[in-house]
Every structure is written in structure tokens, then in C-alpha cells.
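Work out the full structure, taking the sequences as your base and the hints as a guide.
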Amino acid sequence: MEGWAGKILTIDLTSGSLETSPLDKDMARLYLGGRGLGGRLLWDLVGPEVKPLDPENVLIFTTGPITASGSQTSSRFNVSTKSPLTGTLLHSNSGGWWGMQFKRTGFDVLIVKGKAEKPVYITITRDGVTVEEASHLWGKTVFETTDELGQNRNKRNVLCIGPAGENLVRIAAIMNDRERALARGGPGAVMGSKNLKAIVVEGHEKNEVAENDQFKFMLYETRKLLKASPLTSQALPEFGTAVVMNVINEIGALPTRNFQQSQFEHAYEISGEAITDEILVKNQACWACPISCTRITKTAGGKEGEGPEFESTWAFGAQCGIDDLDLIAEANYQANDLGLDTISMGNIIGCAMELAQKGCLDADLDFGQAEMLAGLIRDTAYRHGLGDDMAEGSYRMAIKYGAPELSMTVKKLELPAYDPRGMQGQGLVYATSNRGACHETGNMLGPEVLALPRLIDRFATQGKAGIVSVHQDSAAVVDSLVYCKFTNMAVAEEFFARTLSAVTGLPFTADDLMKVGERVWNLERMYNLREGFTSADDTLPDRLLNEPVAEGPSKGFTAKLPPMLKEYYQFRGWDENGVPRPRKLRELSLEFTMEETND
Amino acid sequence: LRVKLFGSLRSVIDGQTGRNAVEATGDTVGEVLQELCTRYPGLRDAIFHGHDLGPHIRVMINGRDIALLSGLETAVGENDQIAIFPPIAGGLAWLTRKSSKESQ
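Residue numbers (our numbering), protein chains in the order written: chain A, -4 to 594; chain B, 16 to 119.
FYI, nobody ran anything at the bench for these hints, they're computed from the structure. Any given hint could turn out to be false.
[To be verified] Now the stretches of chain B that chain A is said to cover, found in silico as 3 or more residues with beta-carbon under 8 Å: (1) 19 to 26; (2) 76 to 82; (3) 95 to 101.
[Claimed, not checked] Cross-link-like lysine-lysine pairs, in silico, BS3-like; alpha carbons within 30 Å at most: (4) A:K222 <-> A:K135; (5) A:K579 <-> A:K550; (6) B:K19 <-> A:K550; (7) A:K222 <-> B:K19; (8) A:K211 <-> B:K19; (9) A:K277 <-> B:K19; (10) A:K298 <-> A:K219; (11) A:K510 <-> A:K579; (12) A:K480 <-> A:K222.
[Claimed, not checked] Label pairs and their calculated CB-CB ranges: (13) B:N77 <-> A:H131: 57 to 65 Å; (14) B:G92 <-> A:I394: 44 to 52 Å; (15) B:D29 <-> A:G527: 53 to 61 Å; (16) B:D95 <-> A:G551: 13 to 21 Å; (17) A:R218 <-> B:G92: 40 to 48 Å; (18) A:N207 <-> B:L84: 13 to 21 Å.
Computed from a predicted structure; not experimentally measured. For glycine and all other residues, C-beta sits at the position ideal for the given N, C-alpha and C.
So, in C-alpha cells, the structure goes:
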């Protein structure tokens, strides 16, 4: 069974038991790995009776058949759980080295159940699997923990939580390899609720591929495609992910001051160009990645670290009306060290700033106060003062202060860096994303802005549903293999299928992969319906639906969601309430979800 | 009118870090770009393939992509702003047949 290691490791922290079980081959073919396999296992393991921070919730770390193969960007892995921020199914994936190293321990999947009595950490090495006491690590930051547990990039890799996860902050990330993050939706809080501080892996098994000559040919072909794409060969290496800051701002879709405006007058000062000009030290790549989009930066204050990525720069920048690139970068380092989702963190700070601006919150806080970032981030991670409210996410915080309309969230997950009023399709992506507002599950940046593969009118609504659906299914495929989304912008699914066939020895076509993507998407939908979510949750913040943009290229536009949503349900084969029809579920081999949801 | 250049195109106008805008004249986007190419010869190779814009060059007027307006024939006035982006996307299409044929 090349491609997959064929084994699942389950650790019950309550009982201390360890169990190895075979990976179901049929399940592997239907869901591949990563996000798909994680979601399928979560369906069986965590029902609606389980609250996210209960010991009965699980953390499912999954790799994919591509992971550790050496194929370009094959370092990635996924975590699936029930989100403490949203209550939805949560999937989140990360690059770096940990995923490759874990796969080389001989497992595809690690399931962590239960709750340890005292803080512990797990080691998976050539010598076996151990659960060790971690009281001496509890309270330490991500960087301290990673260093203390002996991170050694290509030999021994550390995944851990910081103080935010320990304090059950709903936007806490799980960090790996110091500054890579499984961030969105609060998986770090689930890890904290289990008293699990870290997981250390040392791999030793070689991952065999079924058809070596074909695999080598696909490596060659993929390398050519990545070189041919201006994004992966020039823009990302030269300017990092923040290369899109200026173009998003130029079109009037860069959310500014908690989405009160859609252009930031200082966007250039915090763009990828500015990062390269002012604070870049060098590029860095994840394992097996030729793109090298990661930025190692150093601020005027002498602090050094990874990033900031585009979304983080936006979150601590335009969203908060802040143009101080040094302090934005330092806020990013700090959020990584404390183990926080930078998108949600910046979004929440922007929300708090507007709450104060509008007089709902009695705090000396206003947009543009860069010097406030460090204190607000620290207070959130440790739940001090206002930080205790911020740690609950902007939805709960805005309700507490009597202004729920100021929370820029979908399904309680904070929105990323694109204003749907200037990118109508992106609004549909946010509204229908199974884990809440998310740009990673079907981003419309390509067709609506970058002309990838061709430019479509970003203000149009008709016809967007089908394009969004295909993007969502494609993203689910990439997340299940597991590849990086940037590869996805240069390499077509046909090539993924050929590589997967070479790795596994099984015949996969592009259509097969798209069917997997559609299956994963519908499974996640059914999971959320089982949790009690309805079509009423497929919406956007009131501001985006009803407040036209006041100035700039998107002036006068609101997010016209209802017509797109109706078309989307039809295109998906769902009924008018957004419920997948039995025929669609049968077509995708998801009958089991229908039976259980009907009970 | 004001023309902003981003990414690697900034080096074409004077190579100074931080400067990314120049003033130019013309009645259409094409005329403005031709004037700039005369003034900054390196710009022609960077953005044109023959008489057409390079395949992944994005040119916007007041935030609207000229590909959805009248291309290089798009009329401009002195209060307009043009933005030129170097290739930041391209390569193989990921979008597949189903979306465009069935949905649009």
C-alpha cells in the first residue's frame, strides 16, 4: 500500500493506552488523507453530544499519500477536530518539517483522545511511543518549548502549544517547527484542554513510491510548471505572500479599520515590497519546497523571526489602521510565540478598536495605535483584563459589549483579508466555508483579481456559484493529498493525479480527484448539519450585506449574497435549505451520513 | 495623471527603493504607457509583448482592470490613476471545465 504508511496510532491520554490499527484501504482511496481523512474519522469519533473542550473531543493529525514523498511541497499535514471557536468541524494544515517527519515514523494518522491528569508531551521515535510528564514545560512559550524539546529541523521536530492553548483561548494555534501554524478555529485550545503540551517526532522509515520512474518524471514536470508560473517562480520568492497587498488595496478590497473602509492609505508601507525593502533578512522554504515564500525578517528594534505573511500583515496592519511595519512584524513574532491565530487576533483587535471608537467599550483604544498591539496580544494569550474577552473571539466579545454587528465573522470565525463587497465571489466562499470565514477553502483571488486562469468581473454575481464550488472542491483535494495551495496555483489537477498514481500505484484521474474534493466538502457539510447548523449560518456580517463601501473602486457595493447562495445550493445538488439531497449523497458514497442525520 | 508601478517594475522607473509612482500624460491607457516606455526604455520589455501587454501584466485604472474595460484603448483623464502590476499569477489553469460551462 505505497503512498500510505497503512497505520493509525491512537493515544488515549485518560487511560494512557496506546493502540496501533490498520488504515482502512477503502477509506484511504475515498478520502486520500489530510483534511478528507481527518473529517471522515471525526465523523465517527465526535458526535453532536461532545463539546469542543470535552475530553471526548479528539485531535486527529493526518498526513496524506503525498506527504514525505519528496514531491514538491509534500511537507504538509492536517489536524481535524471540533472547533472551540465555531462549533463546526475544523480542519487546519501546516507546512514546515513536522508532517514529513511524522509520516516517517510509520504512521499516517495520530488520534489523541481523552485528557491527561497532568501536563504531558508525546514522543514518537525509533524507540517507540511515550507519554512524558510536561509540568516543567507548562507555561513556557512556543519558542522556549520548541528549543527545550530539541528541535532539529531534519531529524527531530516539535509541535506544541503556547500559553494561549494552555489558557483555552478560542483562537489558540498549534505551532510546529517554531513558527508554522495550525491556526484557524482554535485547535490549540483543544490541545490545552487535554493537558497536552507537545508532540515530538523523529522519523526513520523511508516512504516508498510504487512507480519510481514515473514519480521522477512527475517531479521534473512539476518543477517546470512551478518555474513557468510568475507567482511561484518570481512573485512569491521575491516579495512573499504579501505581494498581493497592493493589488488587493488597489481594487478596493482590502478591509480597513474593521471593514469600515476597503482601502488603506498606507497599504504600500506594509506590502510585500516594503517587507523586502525594509526588514527582509532572507527567504526560507518548507521541506521539499522550491518556492521559498517564507520571509525571515528583522525589525529596527533588533527582533527577528518568520513572516509576517500577507494575512498577518493585514490583520495587525490595515484591519487595525496601523502602518508601522516593524511593530506589525513584532506582533506577528509574538503571536507565534504565544501560540495564537494571527488572522483572528488582528481581526479581534480591530473589532475592539471599533467597539471603543463607538463608545461600546470603555477603553483607551483607537485605530492606528501600533504601540497597543503587544499588550493586547499578551493579554489575550493570558486572559488578562480585556484580553479575557478577546480570547473568546470577536463574536462573543462584540455580543458582550452590546454591538454584535461589529464582529466581522462567519460562523464565529474571523474574516481574512478580502472585502467581499469588492470581490463578490469571495463573499460566497466565506459564507459557505465549512469551518467559517476562510480564504483557504476556495479563494477567488485568482479569477476575480489575478486573471487566473482568466479574469471575470469581480462585481458580478451570476455564474459565481459554479466557480466557487469547483475552487472549494479543488482546495479540498489539495488539503487531502496534502499539498500547498501555492502549488495549486501553478499545477493543474491532472498533474496531481499522475503524481498520486505514481506514488500509490493506483489509477487516479483528475475527475477522480475532483470527486474526492466534492465528497470531502459534502461530508463536512453533513457534519455541520448534524451539529445543528442550518442555511441561516451561511451568511456574512451585516456590515458587508447592508453598508455600501463609501469610497474607492468598490464604492456603492454591498455583498450580494442571496442570489449567489441560491445558485450555489442548486449547483451543489442541495435543497433550498442547503441540505445535500439523498441522490447527491449516494453519488458521493456518503449514504452513512444521511442515515445518521435522519436518526 | 499618476501612474503607480509595483513589485519588480519599480526598478524600471529609477531604481530607488520606496519610489513607485510617476506622472504621465495621454488620452488613453495605451498612450500613457507608450509615453512611459519612451521615458523609461526598460519598461517596454517588462510589460509589452509586441504591441500587446504581456500575458500576465495587470493594468488598472482607478482600481478597474482594463481587461474588462477597453484594454489599451481605455480613455483616461488627468484625475485618473493607473496601476501596473508585474506578473504575479499565471501558469496552468486550475479552474476546470465544469465551472465555466455549466455555471455561467
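Do the hints match the structure? See the list:
1. 19 to 26: holds (count 5)
2. 76 to 82: As far as the stretch 76 to 82 of chain B goes, the hint holds, because 5 residues have Cβ atoms under 8 Å from chain A.
3. 95 to 101: holds (count 3)
4. A:K222 <-> A:K135: 41 Å, violated
5. A:K579 <-> A:K550: 40 Å, violated
6. B:K19 <-> A:K550: 21 Å, holds
7. A:K222 <-> B:K19: 27 Å, holds
8. A:K211 <-> B:K19: 43 Å, violated
9. A:K277 <-> B:K19: Holds, at roughly 27 Å.
10. A:K298 <-> A:K219: Roughly 37 Å separates the two Cα atoms, so the pair is violated.
11. A:K510 <-> A:K579: 11 Å, holds
12. A:K480 <-> A:K222: The hint holds at about 16 Å.
13. B:N77 <-> A:H131: 57 to 65 Å: The hint (57 to 65 Å, Cβ to Cβ) holds, given that N77 (chain B) and H131 (chain A) are roughly 59 Å apart.
14. B:G92 <-> A:I394: 44 to 52 Å: 47 Å, holds
15. B:D29 <-> A:G527: 53 to 61 Å: 60 Å, holds
16. B:D95 <-> A:G551: 13 to 21 Å: 18 Å, holds
17. A:R218 <-> B:G92: 40 to 48 Å: 46 Å Cβ-Cβ, so the 40 to 48 Å window holds.
18. A:N207 <-> B:L84: 13 to 21 Å: 51 Å Cβ-Cβ, so the 13 to 21 Å window is violated.
Comparing the model with each numbered hint stated earlier shows that hints 4, 5, 8, 10 and 18 do not hold.
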